[in-house]
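Visitor: Residue strings, one per chain:
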Amino acid sequence: MSMIATHPSIPAVLQAIDLSKWLPLGDTRIDILNSVSLEVVHGEWVAVTGPSGSGKSTLLGLLAGLDEPSGGEVRLSGQNLFDAPEPELARMRNRAIGIVFQSFHLIPTLTACENVEVPMQIGPDRANASRRARELLEMVGLGDRLHHRPFQLSGGQQQRVAIARSLANSPDLILADEPTGNLDSKTATAILDLFDRLKRDLGLTIVMITHDPGVAARADRTITIVDGRVAAPPQ
Amino acid sequence: MKTARAHMAAAFAARYAMHTLFREKWRLAVVLLCIACGVASFTALQLLAESIRASALPDSRAQLGGDLALSLPGEAPIPPERMRALHNMTRHHDIILSPLAEAQANFARSTDSGRLAFLNNVVAVDPLHFPAAGELRVDDGIDTRAILLRGQALVTRDIAQRLDISPGDRIVIGGGDVPAFELDVGGIVTMTPNRRGLSLFYSLDRARTAIPGYRGPTRILLADETSGSGASAALRPVLAKAGWIVRAPALARIDSTGRVIDLLLRGASLMALIVAMIGVILSVRLFMARRRTEFAVLAALGSRRSDIFRLTAIEALFLGGTGALLGVAAGIGLAGWLVSRLSSTGLVFLIDLRMDAWTIALSWALGVAITLSACTWAALLAADRWPARSFRQSATGISAIGGGDLRCLWPTWAGTLLIAVGSLGGEIITLAGVVAGLAALVLAVALFAGLLAAIARLPLAVGRHLRTAQTNLTRRKWSTATALSALAIGLFTIHLAAAAWWSSYDRLQTRENSAPAANRIHLTLPASELAPVLPALSRRYADDLMGGEVSIVRPATFSMNGNSQDLRIRLFAPLTGGPSETMMYPSRSDDVRIRKLGDDTYGSLTIGDETLPARLGTGRPSGFNPTFSSTTAVGISLERLLSLSGDGSASVIVEGRTAAASARLLHDMSRVYDRFLVYGDSDIRDATGSVYRGLFALAGAMASLSVAIGIALLANSVALAVYERKAEHALLRALGYSRAQILALISTEFGLFGFIGAFAAIGGAAGAVWLVNAAEPLAQLKAPFWQAPVLIIFSSVAAALIASGIARLALRAPPMAALRGE
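The listed protein sequences correspond, in order, to chains A and B.
Residue 115 in UniProt numbering sits at position 115 of the first sequence, with consecutive numbering throughout.
Residue 577 in UniProt numbering sits at position 577 of the second sequence, with consecutive numbering throughout.
In isolation and in its complexed conformation, chain B is listed as follows (with noise of 0.2 Å):
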């Protein structure tokens, strides 16, 4: 009787799926669009996380322009005697030399339009040998060299639409530590080396000639000249050695800002992996749902559960692949849509929609493998090997369909969340990884498993409904505990990304309040114009003017006790009136001893040929411009400062007496001292606030997707916790309860779901703010608390809601028919 026999014809099995599929169309549709929702939204967030970490965070040769970066004690112009000591280190090694003068914190000004833009970077450069690593990509295909050679300037993109230039123009560029300097803008940068957007890059020999008392590069940049050889690496410790100041890449890589961007980015996509696999399962559940008699006929009629795997194997290919197709158009269409949001923004730094192929592929092929596994195990579960078993409990359906089909999400849940851990703790699944997400299995097993304890002992002795509704949670344990995750899920997701939201609302406002409230004009020009033009100003202005101080930069040398400390500061003396003594106070990021040493203490300051009593403070003074807060300052009176002037740049801040006589100010002082940067406190504060809007703007697209995601879910679980109690339902028509009756009973216990969901939602929140926080303080997101009653008032309603919206839909079936299943 043993003959070897064939499987299902794999034309007919075909033909098979494919009516199951297309038969019925609106099912098809429906399925499809939740797979396209789930994929679309892990492509489009995976798709801007890609373009985004590619932007912020590039390839750490390229953050610092090559391998190493150095520079010497105190920041001061790289002597030419140590340049050549240098060169001769480096000559027989594979290595590239490039030398660059970098300046932050400037302002740029349109010569043509008047229209003024912040700077991060302002670098000057040897065109030969820059960049060393990464690349810098010009319009046009105009060779950068040539132009760098020429003497000219090339801009991104940002500055020349923000200053409405383009090559041709004249730019005027000064503040900060770099003198007021002409440049003509040769070309525009698509890409930088380390793709900040607001940078300009021109010649070092241009800054030989155009900035009065340019002394020389301030950061040498060194890379392998053959890529990855190690050449720079082996000379770092003979550099420390020597004295230099050596950055690495690696180092830059664990900058805390690129680490939040980081945290935050990789938590994204993983809230999108695991929201679009559930989102995909549950899908695809609801699809299989009800084929568990389908499948017992066909093994009645002597197909081998291999027949059914595979007739669920092309039905699910099918489905997988198309809505996994569409998801991924769909997500890299959302994608673009919010990069060139973004990228409106005024981001600091560029975002390109980075098409990565891997991401792509990955997308695709994890809506057809979730769609695959969630339709095989559903057909595992229906394909008993005992037919009979599937028809009694359809003949039962009230029990079957309340039991535990749902059982399928969980393997797919521990899967998922392996990876997600695996992730999160990595660039690979570590083994570190596989153990966490164990672990956090157990623990959220754990979690439903008291949650149902919870609510069976709930004292909900009032109202028969809510009574009813606790014993229907209580007793469903898988199918509660899974939807009940589901739900939980879905607003983990929502109330984590509104927590977010808000914590960036919150520093924003918080930006926005701390700005000065004075409207002051700042003024930038050569220190050696400065004793002409002050009292120029004094006499001009004397009825507007309420005040004003000079700031110039020098180096400085402090002396106490036989030590000294090489120290750059920034000289400050008040228009009028000003210290009978100079009063030094140090940054922060100087010697820590001279930080220690406290108010007080006298030492002396040696700036040029000149050498000065001067004494410690440890408070801010005030009045201090808080922009240059990374500089020692020191207070001094104003005849001194001028005496000390010398080359290099000046400061001037002023203030109005009232709002209207600054603004007035402000547009006489640009036209009267047009050959020097003239700019008010809100040219400051849109140019801060464009970058804070930026990153809010960023945060709120991420919100508002997991937002929608997550709300999706949510209508989601609901919809299949209701229709699982079809039959139930109907049985209860049938035993004379009328269709509001039964709206009232969903209601009820689906509002007690929500409340219960809300609350595992607000723990899980709150536990995910608090190791984001302890992984890396500068992350400050706010446990999110106070939203936890809206949450909790939400989830009731809207799960009430749904729930009842879908069951009226549900109940319009005939009670036969549905408990036929039909």
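With the rest of the complex left out, here is chain A (with noise of 0.2 Å):
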């Protein structure tokens, strides 16, 4: 079992204890992640790195509780995640987590703002939610696309219509699964500027995906996952 743990005096936000995932095949089983353990505090920004089939975005899913691990814990304020029933796990990601994710994964048929609103409107303030969805936009600059449906934005201009979405129920936690894999390095650039301003404004507590260096190097903390183990920190 590897477990990083950082700033005792801090309660962490999110725990991810002993965690395992493995699917099946055929007679044998291909383990994807293997009893890993680790702890994001308030206010961090972690990236996960590690290379191409490493377990990473497998890590990503079940600590916003996407999926189904094959052992172990993810505990969210304390609260274990996978023994929460399906409706609490539902307000649990609604109003707890906000996720965002590589190729964006917009409502089609919805506009920008439109789409802002989905989680509020499940959420605890339904009534301002179109407010709430403009000032969002507003925040990542797109004041003049509220309108626009996904298809006429750009890929940068998706991807910060997803970070306001992520924001919509103010969450403590953002978890973004590789939010510059589908950028040009400008528009990247932009994304992890907004990041930080994000984190640095809202005392938002961050666990970003990444497998390029430049973009972990931007984070507070660098964990890095190596078939499936988190791999022992630099000396």
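Derived from the structure by calculation, the hints contain no laboratory data.
The beta carbon of each residue, even a glycine, is placed where N, CA and C say it ideally should be.
Heads up, a few of these hints could be off.
Said to hold, decoys possible - Here's a subset of chain B near chain A, in silico, CB distances under 8 Å, partners left out:
1) A9
2) Y16
3) D307
4) P387
5) R389
Using the hints, build the complex out of the two chains.
Guide: This is how it looks when you write it as structure tokens:
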């Protein structure tokens, strides 16, 4: 079991304890993650890096409660995600976590504003959903693209809509899966600047998957995954 | 941390759903069109079936005009003393007593236009007690009883059209067992009690004065005055004991023709139900196919599965509600058009479009329910508890797309089969029907499992594409089996419809070919006028006549060894020559003991006051008119026949030496004997031909509708199967395949697909034909074997062409877009 503990005095927002994931393949199985443990504290920006196929995206899926582990726990503010029934798990994804995907995953039939509204429509403040969606889009620099549909936006603009959507219900934790993977370097830099500003202004905790060392360098701390395990940090 | 939380706001859910639907208008239009087509086919066939069933198989009480029909053995007119006894028997019961005098196989001629029409029923009735059950509706609100009391006739709309007559005109009725007589038309009937289209009604009083030798009603109808009181049924054993022949509507219900029609209509409705369901499900599935990722995103954003269900339910309700509404409207229009087309083909019964509210509501509700269940089932599959699985499958889209998304069809198919088999077995779903449905489902699964195993073993080692196709088909078990079964059902529909169509066509051809080649001329006249007319006829047309015969109908008693049997006989005599002894040929309906006696059995035949020695014959005498085959035929000399002629009508059939001579004779005799009914064989052929053409048109209408639906289903299932492989084809392009190479691959695969599907369809259709024939021997459907090669070629070519056509469209998209599922 590998464990990275940081800042013992600050409470951990997110904890992975002995987390494993394997998939069956005929009579055998493929180990994707093998007893991974980590902690992320409030206000920290952690980059998870590793070579392709190392299990980074699987780890993010498990941390977000999007996937079922084969073993271990994920604790969000102390509560094990996988002990929660489906409605409660959905509630935590809605309120406590914001997710940003590499391929944006915007709803193609909705406008930018409506896409940002989606999480709020099942959140605590539906009445102000439309107003807040506009504010968030203005915050990410898309005040003039409120009523554009995804296919009318560039890749960078779509990713900014996705980031605005992840902030909709003011979560404590943002989980981003290769958020700059589909973007050119200039746009990628702008997105990373945005994350930096959000962390600074809103005190967000960010866990970002990336295979780019340049992107990882923007984070406070880097965790490297190799062959489904957390690699020892450089001495 | 556990706090109460609401579902997605209803207004937002509705807005989301509407955006999903309306921001992709073409897709919405296509899905609505598909749902509408499925519902329209079901509605049209259901309404058509209901209309025909209501017309051909009416309420059993109305079928006979009452609860019980009474007659006396030998069909003799009912003697007054028996009538009185019956009146006494029923006096203190809650019963209506309605006497009738019926005649069949008659012709009517307009005295103005000279046009001739065949009549199914010529019925003299007691206007005060007719109809005892059912309805006799007359145009313009004319009072039925007043017309009948005045001695006028009511004719149905069909007769009025054929004779080109209107109220106030005069017609001549004659032929068969009724002497020729004239009637004034008092009104046009729009609805008869038994819904027979070619009927004429007049009063018994009129029959007494108009028909020479009229001796009284031939049949009595009894009806409960208070419907369903059971009073007449309670009398049934007493009546039977008193010597009456009692026929109950329940027996009429099992009339063989009715059973065949009923079976065919149920089959057609069943087919429509299955086809419509599959059509709707496939369309909805196509609509939902690419939303797996969207549902996963919603789940990742915190939506519960119930939120996703709610969204899809709103979309499904809109799609189903609107599509089904359009479908119902189109179905009603289609049914109306088919009914009008059928009505103009001269069917023996009237068809009115029956706007059955229950059928319409059921069609709409089925459309909505199927769309709703297909959408929510698709959502259930897509909205995985763990969204990462959906993302993973979308990311590796090829395996997902080739996988088992079509599985959502199977539960719905199981439900469809249950409903179908249940409804075929009875009016409501029975336990036996449910069990049979489950058995059918198990058999279907076994059949397709067997087919897949067979495909895997096919020796297709020749050709790269064929080998690849075989591998693709066998490794995608679920989607292959599902799409293959959809294809097979489509082909089955086409094949069975074609078989039914060809069977009808074959029967029509047989009927046409078996019509008498000779152009004979029929003359119906009072028997009392035979003596002066026959010599004049022979003199006037000596050069043109080749021969002929005369016949009259008489009640008679056949006696032998002290036993006797009352019969109704037709006496035949040739115009020249004639038999030296009386030859008697019992009909199929006569006492079986007489028919068993065989040749060279002598007895005596008593006709009126005369008793003749008669020898039995077992074969049909040559030259006998087949129209009268239900009556015992007696060959007799012309002199003897003239001496027995008495009252009633006589029939003379003569034949010209040449076709031209026959035409000349017909024209001349119509003018000379204008008081009598004169018609040629061509008139009979026209009358019977129109009946058969009507039935043929009926089969044709259903067959063409089924073929159209089958082809749509074939196209739909192939389209879905190709669509599911879009990402795979994009990958092949990314790997260097050209569009032409991919099209060749797809065409080969779907050609093989169609080839195998056709075999399943032929097996299914042959089984269905066998089942129909086993259930009802009179159906005489032919196993569709000779069309099989055509179907196999059609199926293979059509599947290949449709698949390559759709793939050609799909391949226009850039490979990366296709890989992303755009």
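Visitor: It remains to establish, for every hint, whether it holds in the given structure.
Guide: Do the hints match the structure? See the list:
1. Because the smallest distance between the Cβ of A9/B and any Cβ of chain A comes to about 5 Å, under 8 Å, the interface hint for this residue holds.
2. For Y16/B, the shortest C-beta to C-beta distance to chain A is roughly 7 Å, which falls under 8 Å, so the interface hint holds.
3. The beta carbon of D307/B is positioned within 8 Å of a beta carbon in chain A (closest approach about 6 Å), and the interface hint is therefore held.
4. For P387/B, the interface hint holds, the least distance from its beta-carbon to any beta-carbon of chain A being 5 Å, beneath 8 Å.
5. Using the Cβ-Cβ criterion of 8 Å, the hint placing R389/B at the interface with chain A is satisfied: the shortest such distance is roughly 7 Å.
In terms of the numbered hints stated before, the structure departs from none.
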